[in-house]
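Student: Single-letter residue listing:
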Amino acid sequence: DAKTTQPPSMDCAEGRAANLPCNHSTISGNEYVYWYRQIHSQGPQYIIHGLKNNETNEMASLIITEDRKSSTLILPHATLRDTAVYYCIVRPNFGNEKLTFGTGTRLTIIP
Amino acid sequence: DTGVSQNPRHKITKRGQNVTFRCDPISEHNRLYWYRQTLGQGPEFLTYFQNEAQLEKSRLLSDRFSAERPKGSFSTLEIQRTEQGDSAMYLCASSPLAATTLEQYFGPGTRLTVT
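Chains as they are written, first to last, in our numbering: chain A, 1 to 111; chain B, 1001 to 1115.
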């Protein structure tokens, strides 16, 4: 699986958009970008994933650059409940069932 | 609709004792995963079941660790002769066999403290 690089921590004001970057310069053509988050004392929670097109769901938007070497997870109107560690994971959709988590980005939403 | 449940939520044990954790996946989810998470780190994969078959084990899963899923429903993770280095959060996740994505549903975890 391709290696990912994320900033260790970020702050964002409540109500503003939180933009979390992820670099994955060694991503290969069949690898997807997945985002999970982990709120304190809970298990990780799936947020969104994409291959090359931008994706949006009820939780977030995922913007993947044209060369696919980096991506940004956007939480459009951050709330205090979005305070969590966010993990960017790059891997094929099939053939290897495990998720490989890095250390993620600790996002703190400030009131 | 209940999510993945894990029991117990917390376990404190003395070094050398055996412990067993249980995971109940979401009903009809064929795939079940165990992960371990230490403080400040992301979860690390331990093992994976498809129905009752254990299909992959990490090198992290030493011979003191054993996982079972006897009827393809709930799973147990046993640690024998616990060591202080086993102190961690043990997470279970499940997903349906027909899944076309890597969306895994995680339980709340069992926090193990070895004294």
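Rather than coming from a laboratory, the hints here were simulated on the basis of the structure.
Among the hints, erroneous ones may be present.
Simulated DEER-style distance windows between Cβ atoms [stated by the list, open to error]:
#, chain 1, residue 1, chain 2, residue 2, range
1, A, LYS52, B, GLN1084, 21 to 31 angstroms
2, B, THR1020, A, LYS52, 13 to 23 angstroms
3, B, THR1002, A, ASP11, 41 to 51 angstroms
4, B, LYS1014, A, PRO76, 46 to 56 angstroms
5, B, GLU1056, A, ARG16, 40 to 50 angstroms
6, B, GLU1103, A, PRO76, 35 to 45 angstroms
Keep in mind it's a predicted model, so treat the numbers as computed, not measured.
In this text, a Cβ means the ideal position worked out from N, Cα and C, and glycines have one as well.
Student: Against each hint, give a clear statement of whether it holds in the structure.
Tutor: Here is what the structure says about each hint:
Take LYS52 of chain A and GLN1084 of chain B: their Cβ atoms lie about 46 angstroms apart, and the range 21 to 31 angstroms is violated. The beta-carbon spacing between THR1020 of chain B and LYS52 of chain A, approximately 44 angstroms, falls outside the hinted interval of 13 to 23 angstroms. The beta-carbon spacing between THR1002 of chain B and ASP11 of chain A, approximately 35 angstroms, falls outside the hinted interval of 41 to 51 angstroms. Checked against the given bound of 46 to 56 angstroms, the beta carbons of LYS1014 of chain B and PRO76 of chain A, roughly 49 angstroms apart, stay inside it.
Look at GLU1056 of chain B against ARG16 of chain A: about 41 angstroms separates their beta carbons, and that is inside 40 to 50 angstroms. Checking the proposed 35 to 45 angstroms range against GLU1103 of chain B and PRO76 of chain A shows it is violated: the Cβ atoms sit about 21 angstroms from each other.
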